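Could you build the full structure based on these sequences and the hints that come with them?
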Amino acid sequence: MSDRGTAGTATPAPRRVVVTGLGAVSGLGLGAREFVDAIRAGRSGIAPAEQFDTTGFERTLAGEVQGFKAEEHLRRIHPSRWGRSAQLAAAAARQAAEDAGLTEAGPAALRAASCFGTTNGESQVLEQLTAQWVGEGLGLLSPDLVEQADAGRIAAAVNAELGLTGEALTLGTACAAGNYAVGYGYDLIRTGEADVVLCGGADASNRATHAGFHRLGALAEDVPRPFDEHRDGIVTAEGGAALLLEPLESALARGARIYAEVLGYGMTCDAHHMTNPYAASIAECIRRAHRSAGIAPGDVDYVCAHGTGTPANDSTEVAAVREAFGGTVPPISSVKSMLGHTMGAAAAFGAVVCCAALSEGFLPASTTVRVVDPALGADVDCVPHRAREHRPRVVENHGFAFGGNNAVTIFGEFAA
Amino acid sequence: MTAPVLMETTETPVGAETVVAPVDVVACAAFSAAGAGLAPLAAVADGRLPAGTEAGALPGDPAAYPPAQAVLPVSGFRPEEVLGRKGLSRLTRTEQLAAAACTLALEGPAGPAASDTGIVLGTSVGSARALAEFTRDTFVQERPYYVNPSQFPGTLMNAAAGRTAIRHGLTGVNATVSGGPLAALHAVRYARGALLNGHADRLLTGAVEELSAHTAWAWRRSGALAPGVPLGEGAAVFALQRAGSYGTGQRPVARLLACETGFANPSEGLAHVGRRLAACVRTALRRSGVAPEEVTVVAPGAAGRRGWSAVEDRALREVFGTSPRTLRVQPVLGETHSAGAGLQLAAVLATWRTPATERDVALITSIGPDGSVGCLVAVRPGA
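Protein sequences, first through last, are from chains A and B. Mapping of the first sequence onto UniProt numbering: position 74 corresponds to residue 74, and the numbering continues sequentially without gaps. Mapping of the second sequence onto UniProt numbering: position 314 corresponds to residue 314, and the numbering continues sequentially without gaps.
Take the hints with a grain of salt, since some may be wrong.
[To be verified] Listed next, the in silico SDA-like pairs over lysine to any residue satisfying Cα-Cα at most 25 Å (straight line):
| no. | chain 1 | residue 1 | chain 2 | residue 2 |
| --- | --- | --- | --- | --- |
| 1 | A | K69 | A | D53 |
| 2 | B | K86 | B | E107 |
| 3 | B | K86 | A | L216 |
| 4 | A | K69 | A | D144 |
| 5 | B | K86 | A | M274 |
| 6 | B | K86 | B | S150 |
| 7 | B | K86 | B | A114 |
| 8 | B | K86 | A | Q51 |
| 9 | B | K86 | B | I166 |
| 10 | B | K86 | A | Y278 |
| 11 | B | K86 | A | T275 |
| 12 | A | K69 | A | Q51 |
| 13 | A | K69 | A | E98 |
| 14 | B | K86 | A | N276 |
| 15 | B | K86 | A | E389 |
| 16 | A | K69 | A | L140 |
| 17 | B | K86 | B | G76 |
| 18 | A | K69 | B | S267 |
It is worth saying that the hints were derived from the structure and are not from the lab. Fair warning: this is a prediction, and the values are worked out from it, not measured in the lab.
Structure follows, in structure tokens:
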């Protein structure tokens with residue numbers, strides 16, 4: 001490819017991008033600290049679903065956010081005017097901003113943006129509207145619900161909650177969307193388009209998503225068991241995850257704690273099949289991410305897998321890693337073993353875990369694996385059962401989606 | 001006490017603001033109530049549909065639409081002519097409109113490789129009808145999971161972009177953005193960044209909205225349509241490449257300069273949102289190196305929305321004083337929600353099919369009920 005990134009007008013030198021705030025509203029706790037502690041301890045966030053009526057479903061477990069009282073987490077937006085996905089996003093973003101110490105009217109950073117990924121948008125709102133259609137007819141749709149239906153309101157809620165006046169972008173690239181959002185935020189900071197970015201992902205537990213995966217036979221009987229020889233599927237889950245990105249220079253100037261540096265990212269599209277993953281395209285996505293980050297495969301100390309726990313995903317993902325890494329596979333684990341599949345938030349939760357792994361020195365476990373699938377290769381280290389004390393320097397975060405959307409982000413330790 | 005805020009609102013230009021690099025529209029396709037393609041959209045500037053435009057067929061059951069609601073389906077949409085018949089009935093209308101528009105926008109001179117070609121599509125919720133029908137099955141079937149598995153992918157927002165990529169083997173960046181009336185502006189801004197940051201060499205960029213009884217009733221119930229404006233649908237897709245990255249013999253359809261988006265919380269007052277739009281326009285013009293008096297046409301986005309049209313008009317007066325010539329697509333094509341900004345741009349480009357004799361600069365603006373604002377600066381290519 002010719003003249004990449006150099007077309008036209010002179011651009012200022014790219015800025016280094018760091019993560020200085022984390023937020024997580026999850027089945028593993030209502031804050032990033034609680035979430036990371038639970039991940040390190042290997043706890044499970046999976047329990048009987050309560051966000052929708054499970055009558056008639058054979059699979060009734062989900063990784064839901066328990067005890068989330070939106071009004072306790074949101075200070076500027078009123079929960080009654082926003083769907084659950086927007087609430088989860090805004091609550092996680094507020095946590096990330098507070099964590100970064102940027103809630104007070106801040107330093108010279110005057111352009112703050114948000115970008116959030118989602119799979120199903122305001123799925124609970126759409127579900128309620130459908131229930132009204134079925135029960136009472138289209139003529140009685142609730143205007144209040146209609147106003148809350150657009151997925152684009154997820155990023156808008158973040159801006160409204162935090163008083164941001166910059167861009168508010170919602171990405172609908174399904175279960176890779178969290179990584180799309182982190183990557184876009186990285187580009188905004190790197191190129192000087194924004195000085196602070198809240199990025200992440202959000203989705204709400206809902207009936208239609210659960211039914212869809214149920215019908216595909218993709219739901220696990222009890223818990224998801226990524227990398228297990230008898231893994232039998234995902235558990236649907238929900239949550240909001242957020243990262244605050246800023247230029248390294250401003251983080252240093254204000255003495256902020258730096259969790260990690262965003263080194264780069266890559267995206268590809270399978271253009272192959274709507275629901276089956278495709279190893280060649282994932283391998284190319286990993287290579288693009290490495291190129292973007294300026295690293296070699298051997299630099300990667302840990303892979304935070306997409307790791308859904310379906311037979312197809314895990315074998316395809318390991319094959320792709322093997323291809324991109326020249327035959328070897330770095331330690332690779334799936335936090336979905338604890339969290340379930342949080343859809344559009346999944347890769348954002350993965351990014352939060354990656355930042356914690358780099359700054360605290362651990363590798364999260366694949367907690368539910370019993371016998372590692374020998375078909376994946378005898379050398380696969382999926383960090384079974386228990387988190388490992390280890391200080392990675394470069395980690396890689398995977399997000400793949402229906403529709404063939406792949407995105408891989410790379411994070412590095414920041415040594416002052 | 002008010003909660004602490006992250007950032008003070010400011011309209012002061014900040015130091016890092018740079019002049020943007022241009023991205024060119026090398027091809028474009030549109031479907032609207034005016035028909036297929038750009039040419040019929042030229043009549044929109046005269047405030048009408050082209051003479052003899054056949055009325056489009058209403059998608060779904062016509063009897064299910066709200067009575068006395070004026071609707072404007074896409075005219076002359078024959079997806080089988082563009083996409084073939086195979087598998088067509090399994091696609092949602094959103095997928096059909098998007099795939100057909102992308103397919104037409106790919107025609108013309110051979111462009112960059114498929115691995116460096118991608119798709120960036122704007123939407124609101126994807127196919128509202130597919131979502132509603134799929135979810136209805138969870139309520140009315142014997143078991144809640146007795147849904148049609150082949151319909152499941154079509155309920156996702158990224159279905160149209162994913163299916164279109166499969167059809168053409170496009171393995172480059174594939175993104176879907178959601179943003180109501182701003183959707184196409186979000187898509188253009190995302191695509192601009194992806195092209196200039198080296199993630200892709202050509203991006204089929206645009207937005208789509210389908211008409212259905214579900215969305216028609218949603219609009220009726222919310223009362224959000226401006227009086228006298230019909231409800232519409234459509235798609236517009238622009239093949240974007242970095243300026244200078246394609247053959248010199250190829251004349252672009254338009255050159256896109258700054259595309260800016262921002263936000264202001266409407267609960268702090270609609271005037272606040274209007275001021276944010278004005279600031280956004282000023283930033284975009286500065287970053288484009290364009291003075292307000294150089295803008296020759298404005299295509300506003302909120303002309304079909306009750307309450308918001310006045311907010312947008314006030315913002316434009318704030319920037320321009322006496323507003324330049326205004327091209328309102330909504331009274332002619334209907335309110336097309338997430339296809340809106342795409343059709344605004346397409347309607348401008350329809351009037352630019354011959355080389356500019358004088359400098360011609362268009363401004364596309366948009367304002368969403370959630371407080372999102374955005375604009376795009378486009379320049380007519382010279383001879």
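To see whether the hints hold, each was checked on the structure:
no.: 1; hint: A:K69 to A:D53; verdict: holds (20 Å)
no.: 2; hint: B:K86 to B:E107; verdict: holds (20 Å)
no.: 3; hint: B:K86 to A:L216; verdict: holds (23 Å)
no.: 4; hint: A:K69 to A:D144; verdict: holds (20 Å)
no.: 5; hint: B:K86 to A:M274; verdict: holds (16 Å)
no.: 6; hint: B:K86 to B:S150; verdict: holds (15 Å)
no.: 7; hint: B:K86 to B:A114; verdict: holds (23 Å)
no.: 8; hint: B:K86 to A:Q51; verdict: violated (39 Å)
no.: 9; hint: B:K86 to B:I166; verdict: holds (14 Å)
no.: 10; hint: B:K86 to A:Y278; verdict: holds (24 Å)
no.: 11; hint: B:K86 to A:T275; verdict: holds (19 Å)
no.: 12; hint: A:K69 to A:Q51; verdict: holds (13 Å)
no.: 13; hint: A:K69 to A:E98; verdict: holds (18 Å)
no.: 14; hint: B:K86 to A:N276; verdict: holds (21 Å)
no.: 15; hint: B:K86 to A:E389; verdict: violated (55 Å)
no.: 16; hint: A:K69 to A:L140; verdict: violated (29 Å)
no.: 17; hint: B:K86 to B:G76; verdict: holds (20 Å)
no.: 18; hint: A:K69 to B:S267; verdict: holds (22 Å)
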